[in-house]
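Chemist: All chains, full assembly: derive it from the sequences and hints.
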Amino acid sequence: MVRVAVVTGSNKGIGFSTVKGLLKRFDGVVFLTSRDDGRGKAAVDKLNALGLHPEYHKLDVTDRNSVARFRDYVRDKYGGIDILVNNAAICNCTDLYLSYEESKNIIDINYFSFFIIQEYLYPLVRNNGRILNISSDCGHLSNVRNEYWIKRLSNKDLTAKDINEFVNWHLEAVQSGTFNRADFADEGTIAAYRVAKVAVSALTIIQQRELYGRNISVNSMHPGLVRTDMTKGVGFLDADQAAETPLYMVLDAPASIKGAYVWYDKQVLDWYDPKADWYFKSITFSQ
1 MVRVAVVTGS NKGIGFSTVK GLLKRFDGVV FLTSRDDGRG KAAVDKLNAL
51 GLHPEYHKLD VTDRNSVARF RDYVRDKYGG IDILVNNAAI CNCTDLYLSY
101 EESKNIIDIN YFSFFIIQEY LYPLVRNNGR ILNISSDCGH LSNVRNEYWI
151 KRLSNKDLTA KDINEFVNWH LEAVQSGTFN RADFADEGTI AAYRVAKVAV
201 SALTIIQQRE LYGRNISVNS MHPGLVRTDM TKGVGFLDAD QAAETPLYMV
251 LDAPASIKGA YVWYDKQVLD WYDPKADWYF KSITFSQ
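Anchor point for the sequence shown: position 258 equals 258 in the UniProt record's numbering, and the numbering is continuous, going up by one each time.
Simulated from the structure, these hints should not be mistaken for lab results. Hints are not guaranteed to be accurate.
Here are the computed lysine to any residue pairs in the SDA-like style, where the Cα-Cα straight-line distance is at most 25 Å [stated by the list, open to error]:
#	residue 1	residue 2
1	12	115
2	281	183
3	58	72
4	281	181
5	104	41
6	104	164
7	41	64
8	156	213
9	24	164
With beta-carbon atoms standing in for the labels, derived distance ranges [what the hints assert, rightly or not]:
#	residue 1	residue 2	range
10	77	209	40 to 46 Å
11	112	73	20 to 26 Å
12	281	248	21 to 27 Å
13	187	257	18 to 24 Å
Because the structure is a prediction, the values reported are computed rather than measured. Think of the CB as a built atom: it goes at the ideal place given N, C-alpha and C, for glycine as much as any other residue.
Modeler: And the structure:
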């Protein structure tokens, strides 16, 4: 049986570096995926020049047909997936307050796409496999300051319906002009990205609950402030450094780490602490 690792959105940045690290250490096939064929194949060429040879497949995580085609290809050729890194994401990190259209686009790609991946790819993940959802410091519960949603999101019986209603509450507030900056940390800057990543971190806990019986580890993590296109080159880590913890989580971490929220230094944090100091601060972009 050939082992298989998949990294979504991996033509650049942390995803690219994660693929590169897997190719050096993982005994199996590593998929580099991208929604743009040209960029994806250019990334493959870069790795080929280093003597590394990923398998490429086009994958748009927001397109059910695209994900279904990828599912069929992997299933028919390899039978399953052992490692899945859900990395595909976007962020408008320069405009601190966004329109409804921009907010919806960020949330669709960064959060709602996870349900498509879950439907089509999670059934392929083999028993004892590992799934890593790339979140953010924006994804810790301390980013939320609205008491109603803090209480609801920290409920140990949380459901996907709860999370979806949280996400849609924010979108409706932006659309109607009733968005309150005080509902989020840091005066509500990049609120849509915070909402999407909090939702991803919360969904991770539910996914772990659902897959626990198959001993599949599902975790989320903050990779650090990374110098990539997404952050306009601002950050204290380069992409290769930022890929170290994702690689640790899918290759080396104890299988007992399940449903956790992990910091870029491999520290497992209490995601449920709303008064913690783990929220994103926009001042970091000026440092």
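Chemist: Are the hints correct? Go through all of them and say.
Modeler: Hints, one by one, checked against the model:
no., hint, result
1, 12 with 115, "holds, 23 Å"
2, 281 with 183, "holds, 15 Å"
3, 58 with 72, "holds, 13 Å"
4, 281 with 181, "holds, 14 Å"
5, 104 with 41, "violated, 29 Å"
6, 104 with 164, "holds, 13 Å"
7, 41 with 64, "holds, 22 Å"
8, 156 with 213, "holds, 18 Å"
9, 24 with 164, "violated, 38 Å"
10, 77 with 209: 40 to 46 Å, "violated, 31 Å"
11, 112 with 73: 20 to 26 Å, "holds, 23 Å"
12, 281 with 248: 21 to 27 Å, "holds, 25 Å"
13, 187 with 257: 18 to 24 Å, "violated, 34 Å"
Hints 5, 9, 10 and 13 from the list above are not met by this structure, while the remaining hints are.
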